[in-house]
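Visitor: Next come the chains, spelled out residue by residue.
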Amino acid sequence: MAEQKEKPRKVGAMGMVPYEMALGPTWTKFFEGFKEKKILGTKCKKCGRVLVPARPFCPRCFEPMEEWVEVAQEGTIVTWSYVNYTYFGVTPDMIPVIGAIIKLDGVDCGTGMSTQIGGLDIKDFELVTKKVKVGARVKAVWRRKRQGNFRDIDYWKIIE
Amino acid sequence: MQKVGIVEVAQSAGTESSLSLMEFTYKPVKELLDKVDMRRDEVDMYILASTDVFHSGMSCANAFDWDASGAFMKPASREEGDAITAFVYGCMPIMEGRYDTVLVVGLIKGSENPENDTITSFVADPFYSRPVGIQETTAAAMQMRLYLQRYGVTEEQCAKVVVKNLGNALFNPYAHIKKRVSVEDVLNSERICDPLKALECAPKSEGVCAMLLASEEKAKKLTDKPVWFKGWGSSMDTFYLGDRDLLNTQLKTAAASAYKMAGVSDPGKEIDVVETCEPYAFQELLWCEQLGLCAQGQGGKLIDSGVTQITGALPVNPSGGVLAMNPYVARGLYRVAEAALQIKGKAGEHQVDKKVNTALAHSTYGFCGQWQGVVILGS
Amino acid sequence: MGRAVAVIGTGQTKHGRRDDLSYPDLVREAVKKVFEDAGITPKDVDGVVYGSMPSMMEGMAYNHFYFADALRVVGKPLLRTETCGSTGQSVAHTAIHWIASGMADVVLAVASEKEHEGDAQATMMTILEPFLMVTIGGAPVAFSLQSREWMGYYHIDDDKAREAASIVSVDSHDGGLKNPLAHIRVKLTKEDVSKAPIITYPVRLYDVCPTSDGACAVIFASEEKAKKICKKPAWVKGIGFRGEEYFIGDSNKAVWQSTIEASKEAYKEAGITNPLKELDVAEVYNPFSYQELMFLECLGLCPPGEAPDYVIKGTFSPGGELPCDPSGGVLCTNPIGAAGLIRVAEAALQVTGKAGEHQVEEAKLALSHAMGGAEQFNGITILGSEL
Numbered sequence: 001m002a003e004q005k006e007k008p009r010k011v012g013a014m015g016m017v018p019y020e021m022a023l024g025p026t027w028t029k030f031f032e033g034f035k036e037k038k039i040l041g042t043k044c045k046k047c048g049r050v051l052v053p054a055r056p057f058c059p060r061c062f063e064p065m066e067e068w069v070e071v072a073q074e075g076t077i078v079t080w081s082y083v084n085y086t087y088f089g090v091t092p093d094m095i096p097v098i099g100a101i102i103k104l105d106g107v108d109c110g111t112g113m114s115t116q117i118g119g120l121d122i123k124d125f126e127l128v129t130k131k132v133k134v135g136a137r138v139k140a141v142w143r144r145k146r147q148g149n150f151r152d153i154d155y156w157k158i159i160e
Numbered sequence: 001m002q003k004v005g006i007v008e009v010a011q012s013a014g015t016e017s018s019l020s021l022m023e024f025t026y027k028p029v030k031e032l033l034d035k036v037d038m039r040r041d042e043v044d045m046y047i048l049a050s051t052d053v054f055h056s057g058m059s060c061a062n063a064f065d066w067d068a069s070g071a072f073m074k075p076a077s078r079e080e081g082d083a084i085t086a087f088v089y090g091c092m093p094i095m096e097g098r099y100d101t102v103l104v105v106g107l108i109k110g111s112e113n114p115e116n117d118t119i120t121s122f123v124a125d126p127f128y129s130r131p132v133g134i135q136e137t138t139a140a141a142m143q144m145r146l147y148l149q150r151y152g153v154t155e156e157q158c159a160k161v162v163v164k165n166l167g168n169a170l171f172n173p174y175a176h177i178k179k180r181v182s183v184e185d186v187l188n189s190e191r192i193c194d195p196l197k198a199l200e201c202a203p204k205s206e207g208v209c210a211m212l213l214a215s216e217e218k219a220k221k222l223t224d225k226p227v228w229f230k231g232w233g234s235s236m237d238t239f240y241l242g243d244r245d246l247l248n249t250q251l252k253t254a255a256a257s258a259y260k261m262a263g264v265s266d267p268g269k270e271i272d273v274v275e276t277c278e279p280y281a282f283q284e285l286l287w288c289e290q291l292g293l294c295a296q297g298q299g300g301k302l303i304d305s306g307v308t309q310i311t312g313a314l315p316v317n318p319s320g321g322v323l324a325m326n327p328y329v330a331r332g333l334y335r336v337a338e339a340a341l342q343i344k345g346k347a348g349e350h351q352v353d354k355k356v357n358t359a360l361a362h363s364t365y366g367f368c369g370q371w372q373g374v375v376i377l378g379s
Numbered sequence: 001m002g003r004a005v006a007v008i009g010t011g012q013t014k015h016g017r018r019d020d021l022s023y024p025d026l027v028r029e030a031v032k033k034v035f036e037d038a039g040i041t042p043k044d045v046d047g048v049v050y051g052s053m054p055s056m057m058e059g060m061a062y063n064h065f066y067f068a069d070a071l072r073v074v075g076k077p078l079l080r081t082e083t084c085g086s087t088g089q090s091v092a093h094t095a096i097h098w099i100a101s102g103m104a105d106v107v108l109a110v111a112s113e114k115e116h117e118g119d120a121q122a123t124m125m126t127i128l129e130p131f132l133m134v135t136i137g138g139a140p141v142a143f144s145l146q147s148r149e150w151m152g153y154y155h156i157d158d159d160k161a162r163e164a165a166s167i168v169s170v171d172s173h174d175g176g177l178k179n180p181l182a183h184i185r186v187k188l189t190k191e192d193v194s195k196a197p198i199i200t201y202p203v204r205l206y207d208v209c210p211t212s213d214g215a216c217a218v219i220f221a222s223e224e225k226a227k228k229i230c231k232k233p234a235w236v237k238g239i240g241f242r243g244e245e246y247f248i249g250d251s252n253k254a255v256w257q258s259t260i261e262a263s264k265e266a267y268k269e270a271g272i273t274n275p276l277k278e279l280d281v282a283e284v285y286n287p288f289s290y291q292e293l294m295f296l297e298c299l300g301l302c303p304p305g306e307a308p309d310y311v312i313k314g315t316f317s318p319g320g321e322l323p324c325d326p327s328g329g330v331l332c333t334n335p336i337g338a339a340g341l342i343r344v345a346e347a348a349l350q351v352t353g354k355a356g357e358h359q360v361e362e363a364k365l366a367l368s369h370a371m372g373g374a375e376q377f378n379g380i381t382i383l384g385s386e387l
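For the record, the sequence lines run as chains A, B and C. Position one of the first sequence corresponds to residue 1 (the numbering used here), numbered consecutively onward. Position one of the second sequence corresponds to residue 1 (the numbering used here), numbered consecutively onward. Position one of the third sequence corresponds to residue 1 (the numbering used here), numbered consecutively onward.
Keep in mind that the hints are not guaranteed to be accurate.
[What the hints assert, rightly or not] Under the rule of at most 27 Å between Cα atoms (straight-line distance), these lysine-lysine pairs were calculated in the DSS-like manner:
hint, chain 1, residue 1, chain 2, residue 2
1, B, 260, B, 35
2, B, 3, C, 268
3, C, 32, A, 5
4, C, 160, A, 133
5, A, 145, A, 29
6, C, 160, B, 218
7, A, 45, A, 29
8, C, 160, A, 103
The hints are simulated quantities; they were obtained by calculation from the structure and are not laboratory data.
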């Protein structure tokens with residue numbers, strides 16, 4: 001290896017790569033439901049499970065899921081986490097948030113990641129640990145103006 | 001070593017689809033399972049071939065692709081890079097005697113991605129190659145210039161590959177680009193990276209190809225005409241273009257390994273049909289030389305002779321090849337699928353006239369074919 | 001299945017922040033070491049399997065091309081296997097299948113990561129498509145969600161889980177102190193861990209793996225070759241791999257089926273019926289201390305819901321019935337793509353008596369494991385000193 005007079009250098013680079021991903025008919029319909037403040041699930045004709053988000057097929061039975069059902073907007077917290085750190089693309093003003101997986105009434109799976117708990121002072125950590133619990137009941141709170149994407153549900157509110 | 005048979009294949013078309021990648025992948029996989037009358041969970045193992053980030057906009061592609069590939073709670077894995085590697089990996093557990101059936105699926109939606117070379121510029125290293133604009137097409141253009149100059153192959157001869165392949169594609173219902181073009185059309189198309197012209201460069205296509213492999217006993221139960229895996233070979237070249245002789249690629253080494261394993265001593269005579277990966281038209285000629293189908297430097301004469309036409313003595317790319325359909329990543333599995341269909345006699349309108357007993361499927365990726373893989377199939 | 005396969009050599013870089021080397025040179029460091037350890041040359045290798053996390057993490061596509069020289073693969077076949085965080089295990093499995101199939105006798109498996117060249121969390125967030133699973137929190141949020149799901153499912157109170165997770169962290173960090181190649185080598189107390197800053201509650205700073213640069217290389221050989229050229233092969237006794245659905249809420253992640261089924265397949269092949277008793281050491285994938293508690297249960301090392309009890313009474317600590325992660329585990333060293341293969345290398349070192357200061361006395365049978373995706377994939381490889 002080469003003898004170095006100075007410390008090895010690093011070279012900075014930034015890459016931007018644009019993508020355009022097709023939503024497809026299933027999720028287009030799912031998000032159309034959001035515009036109307038509806039949460040839609042699909043039901044498997046083989047195992048009978050109702051899944052949210054709606055799916056083109058049941059991952060276990062591998063049959064097309066063609067039966068659509070409107071599901072409840074209330075559910076139970078399966079799990080939650082209090083996010084309090086930054087990384088590239090996440091700035092201090094964006095945190096903290098409370099991520100959660102929520103099992104909607106009548107649905108056979110949890111729905112998670114884009115679901116966030118809100119309607120309380122998130123910065124008050126003590127309060128959060130008091131109110132946000134596995135098993136707590138929550139209800140969807142919709143934005144007034146909806147675009148047909150996951151942001152249409154502003155947050156999930158804990159109902160006492 | 002147990003024998004491995006290809007039981008059945010399913011393909012998607014290459015034209016842009018408005019389905020989500022999940023829906024788009026599900027369709028051929030479900031079609032394949034229906035064709036062999038098997039449930040998803042009855043297959044022993046799944047091997048996916050897809051791609052992270054660059055060709056898909058999502059990282060850890062196995063996460064998103066898992067459901068539609070059918071792999072839920074089954075032994076499974078994923079090859080990153082060309083899908084021909086997924087085929088070979090799929091053969092291994094059957095050869096070992098561990099499993100009886102493996103479903104291999106290669107998938108991509110080119111329409112969701114930026115241009116191929118936006119992506120391939122990231123294959124170039126950031127210190128020496130990327131800053132001077134080396135990407136797959138500029139590298140191929142340099143290789144083409146060398147090819148024309150060293151052997152006196154002409155631009156007309158390279159253009160003939162486009163005429164042949166896009167013409168063959170008219171008879172392939174899955175092909176993306178299919179049309180009658182003349183040599184003049186090709187020569188007059190925009191010189192996007194001289195000497196490469198626009199019509200000589202592969203498109204960016206959708207593509208999901210699914211294939212069921214089985215042990216000998218199982219294959220014979222599932223189909224009247226299993227196609228047997230006879231051999232494979234693969235070889236990597238070094239990275240920097242300047243370190244390589246761009247006309248003496250590792251395809252020679254890869255082909256030699258494949259021929260040895262398959263017991264082929266005279267490929268020009270013993271191979272009945274070839275499906276090769278030619279994202280740049282001239283490469284079909286170069287690959288034919290490197291595969292030993294003609295002498296070194298004689299690729300131009302080979303296409304002139306008509307031997308590689310679909311009606312010729314050694315048809316090359318009766319499906320239209322990658323020039324007609326370029327689902328990056330999945331394209332290698334398409335080569336295997338097309339080769340298998342020829343042996344089965346199931347290639348429909350692009351079935352070659354002659355009897356096909358031995359077929360060769362070739363794929364390559366990386367600049368100027370840095371990675372090469374060859375699979376030999378037999379009846 | 002097929003022919004028997006063994007590990008005949010391992011090599012790891014000094015893991016950590018490696019600004020001193022370019023990425024190919026980092027890979028070369030591990031590859032050089034594995035050839036020295038195995039006592040063979042690249043000439044003897046029939047093929048190479050390489051894997052890493054999505055190479056966007058280091059700003060390059062298909063970086064195995066870039067590493068052609070470092071991997072000594074010019075003129076040879078290369079396969080690239082990737083299954084997210086479980087890549088290291090999947091790379092090992094590809095090598096094993098390749099040899100068991102009879103198509104190769106000696107295969108070099110390499111996995112690497114150079115996380116300081118990019119942003120690992122940002123890259124990992126693109127595992128989620130932009131429609132339905134959009135969130136912030138990187139990998140930590142996914143695993144914190146799982147940890148709390150498990151606590152809720154078994155009604156384990158926060159304090160008990162906190163104590164057990166802290167013990168896991170302390171034990172792993174003690175292991176790191178005994179492993180000269182580990183990235184993080186610090187002495188921690190249970191209090192340090194329990195009171196550290198919150199990352200994604202309940203996960204705190206010392207419950208989380210570091211951001212590491214590192215590479216690992218392992219050479220596998222057929223039975224015949226291993227017996228000829230290796231004094232102490234580490235035999236592959238069993239392997240398993242499973243993955244669940246993409247959507248994170250679809251499966252119960254407290255009773256984690258992919259871990260359970262993958263380990264069942266591996267134990268069956270290895271002829272293991274009581275893993276806690278029969279295994280001598282377990283290199284469990286533990287980027288998050290809480291998650292290790294779940295792995296202990298789902299790998300069948302203790303009854304469901306009882307991991308905290310077993311951890312608190314020292315079952316999995318140094319000197320306990322089944323020491324876990326004596327190398328420091330992923331909590332001390334996490335070049336993500338390599339971490340699963342490092343577990344294989346560490347298992348091999350243990351059963352061949354080459355683990356130096358972090359050797360578990362008389363280890364003969366070792367489990368290695370890795371996990372990937374947003375709690376989606378699990379891979380296992382069991383190695384033993386006897387064929």
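Visitor: Mind listing which of the numbered hints don't hold for this structure, in increasing order?
Guide: 1 and 6
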